[in-house]
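Undergrad: Keeping their order, the protein sequence lines are chains A and B. Heads up, the first sequence is in our numbering, so the first residue is 1 and it goes up one at a time. Heads up, the second sequence is in our numbering, so the first residue is 1001 and it goes up one at a time.
Since the hints were derived computationally from the structure, they do not count as laboratory data. Even for Gly, the Cβ is constructed at its ideal location relative to N, Cα and C. Warning: the hint list may mix true and false statements.
Said to hold, decoys possible - Stretches of chain A that chain B covers, calculated by requiring three or more beta carbons in the stretch to come under 8 Å of a beta carbon on chain B:
#: 1; region: 96–106
#: 2; region: 203–217
Unchecked claim - Listed below are the simulated DSSO-like cross-link pairs for lysine-lysine, each with C-alpha atoms no more than 30 Å apart in a straight line:
#: 3; chain 1: A; residue 1: Lys250; chain 2: A; residue 2: Lys67
#: 4; chain 1: A; residue 1: Lys67; chain 2: B; residue 2: Lys1173
#: 5; chain 1: A; residue 1: Lys168; chain 2: B; residue 2: Lys1173
#: 6; chain 1: A; residue 1: Lys168; chain 2: A; residue 2: Lys278
#: 7; chain 1: B; residue 1: Lys1173; chain 2: A; residue 2: Lys76
#: 8; chain 1: A; residue 1: Lys76; chain 2: B; residue 2: Lys1189
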Amino acid sequence: MTSPYLHINGIRKTFGDVVATDHVELEIGEGEFMTFLGPSGSGKSTTLYILAGFQDPTAGDIRLRGKSILQTPSHKRNIGMVFQRYTLFPHLSVGENVAFPLRVRRAPQAEIAAKVKRALSLVRLDGFEERMPANMSGGQQQRVALARALVYDPPVLLMDEPLSALDKKLREEIQYEIRRIHQQTGVTILYVTHDQEEALRLSDRIAVFNRGRIEQVGTGPELYASPATHFVADFIGDSAFLTGELAEVKDGRATLRFNDGTHLADVPMHGAGARGGKAELMLRPERIDLSDAAGPQGASLPVTVEDVTFLGNNSAVTARTGWGDPLYIRLNFGHPMMGSVGRGDKLHVRWQPQDAHVFPKA
Amino acid sequence: MLSFLTPARRGSGLGMAMPALLLLLAFFVIPVAALLSRSVTEPVPGLQNYETLLGSATYLRIFFNTFLVSGLVTLITALIAFPVAWALAIMPPRMAGVIFAVILLSMWTNLLARTYAWMVLLQQTGLVNRMLMATGIIDQPIQLTNNLVGVTIGMVYIMLPFMILPLYGVIKKIDPAILQAAALCGATKSQALRRVLLPLATPGIASGALMVFVMSLGYFVTPSLLGGTANMMLAELIVQQVQSLLNWGMGGAAAFILLVVTLALYALQLRLFEGKAR
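Isolated chain A, as found in the complex (with noise of 0.2 Å):
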C-alpha cells in the first residue's frame, strides 16, 4: 500500500492539563487543498503549529512522502506559511522579501532574479519588487507573503486565518485569487479558518474541528448533505434541532417520540443512542417543504405557521410543532405556498428521507 503523500498520524498535544489536540487523524493527498474548519480553540491551529515544527506534539507523527518530519527543524522542513498578522520583512523590499527564502538557501543571483520575477507575477505584483512592505495595503501584503511563501515550492503550505484582518470585499477577492493560484501550482494546501463560507469556497476537502478533535472529514456537500454529528450540522449551513426520545434504535435508524406524542419513524441516525435516551432530529430550512397534505411516516410534521417574512428571492417561515418546537422554512420565489401561507395556519412540513437526521444528545 503505498503511504498517503501527507500523514497527520494520532497527533495530540497537551499544554499542561488542557488538551490542545487528541488523536487528530488525516491524510492529504498531493494537490489537495484541505481546510481545518473550527472555532477557536478548537485545536485547528495547534495541529498547523506542529506542521510547521513552532509546537511538538505530545504523541503522534507527521510523515511527508512517509518520512517523519517532526525530528525536523522548521528552517529545514521547507514549509511555506502565510500567517494570520503581517508577517512581512519591515526592513526589506517587497522583492528582497519574496527572494529571503532563496537567499537563505544561497540560491545563485541570476535563478532569485527570476524566481522572485514568477512568483510576484503569480500573486499579480509584477513590477512591485522595489515597493516597501509599509507602503502597501494589508491584501497587497499578504499577497507579497504568498509569493514569498511559494517561492521556493514547498511541499506543503499552510495557511493560518490569512484573511482574517482584511475586510470582507477584499476577502471575497483574495479568496478567488488563493483558488486560481492553487489550480496555477498545484501546491498542497493546508488552510485553517473558522469561516464556513471561506471554507466551503476553497476547499477540496474540510476537517471540522472541535475541542480538539477532528469531528469529520469530507468534502462541503459532504459536510453539508450527511453531517456525522450535531456539531457539525451545526457548524455547516442552517439547521433546527428538535429534541424528543428515542423510541426505538435498529440498523441505524431511529423512531423519535416528541412530547404531545407524535412519532417519527424510520429515520436515519448517527452516532450511539440507547431506546429511551434523548435525540434531536436535524432539519435544514432550505431542505423542507410546506405543505397542505402530510408526507410520507418519517418525513413529514404537522406544524402551525406563526410568522412570514418575505426576504425577495425567498420567504422565510417560522413554524411551531404540535409541542412547541421552532421550526424554520425556506421557501424560494415561486412556490405555491408562497404568498398564500400566513399567521396560524395549520400545514404539515415534509422533506425528502435522506434530509433528517437523528444525532443522540449528551
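Fit chain B to the supplied structure of chain A, relying on the hints for placement.
TA: Here is chain B on its own, set in the frame of chain A:
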C-alpha cells in the same frame, strides 16, 4: 474654554515650554557659553588653548584614552545588552518586571557606592582575582584597578541599563510571528538574527549606543576612581584644569571639543535613523 488644547493652538506650544527654556538658558546655556568663551579669551585671546590640546602628545593620549574606553564600553555594553533585552522581551511579563526592577534598583543605587564596590571586587585580593585564580585561569593576581581595564569594567556595568532599555523597546515591538516566518522561510537561527532581528533592532542599538558613548565621553566618577592618574580621561582633564590648575581656558577648550563631538554624533544618528523612520 479648553481652547488651548485644540489643534489650532497646539502649534504655538512654545509659550508653554517657555519656563523650561528660560531655566535652561539661565542655568545651562549661559554658563556653558561663558566657559566656552573663556577657552578663547584666557589667558590671552586666541586659539592657543586648542593648539596646546590638539598639539601635545600628552593631551592627545587623553583623547585617545577617552575614545578608546568609550568605544569599548559601547561595544561591550551592546554585546551584553542585546541578549538581555531579547530575553526580557520574550519572557513572561511578570518575570521581566522583576528583572527590570533589579536593573532600575541598581541604577538608583548611589553611583559612588557602586564604583567603590567595584574597587573592592577588582583589587589584587578582590573577589574577581580570587575567583579567577581558584578556577585556574590565572596564577597571579592581575591588575584590574588603576588602569583602563578597571574603568571599562566599571563603566560597562553602569551603562548597561542605558543600552538595555532602548533595545528592549525596539525588540518588544518586533512581532514574534516575523521570526517564525523567517524560520519557515529556511533561515537558521543565526541567519534570522543577522538578516531580520539585528536590522529591525538597529534603531534601538543606535540610540542606546549614542547614549552610552556620549555619556562615557564625559564620565568622571568611574575613571577617576578606577582609572588612576596615569590613564586620564577627558572629564578628569577638565576637572584637573579647572579645579587644580585654575586654568579655565584649557578646561573650556576641552569641554568645547567634547561638546562638538557629541553634537556631531547626534547629528549623524539623526541623519541615519530618524530620516528613515518617516
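Undergrad: So, for every hint listed, does it hold in this structure?
TA: Now the hints, each set against the structure:
1. Counting residues of the region 96–106 of chain A whose CB lies closer than 8 Å to any CB of chain B gives 5, which reaches the minimum of 3, so the coverage claim holds.
2. Counting residues of the region 203–217 of chain A whose beta-carbon sits less than 8 Å from any beta-carbon of chain B gives 0, not enough to reach three: the coverage restraint is violated.
3. Taken as a hint, the Lys250 of chain A and Lys67 of chain A pair is broken in the structure, with Cα atoms around 44 Å apart against an allowance of 30 Å.
4. For the hint pairing Lys67 of chain A with Lys1173 of chain B, the CA-to-CA distance comes to about 38 Å; that exceeds 30 Å, so the pair is violated.
5. Under the criterion of a C-alpha separation no larger than 30 Å, the hint pairing Lys168 of chain A with Lys1173 of chain B is consistent with the structure, at around 28 Å.
6. Taking the CA atoms of Lys168 of chain A and Lys278 of chain A, the gap is about 40 Å. The hint is violated against a cut of 30 Å.
7. Restraint check for Lys1173 of chain B and Lys76 of chain A: satisfied, since their Cα atoms lie roughly 27 Å apart, inside the 30 Å limit.
8. Note on Lys76 of chain A and Lys1189 of chain B: the hinted pairing holds, with a Cα-Cα distance of about 11 Å set against a maximum of 30 Å.
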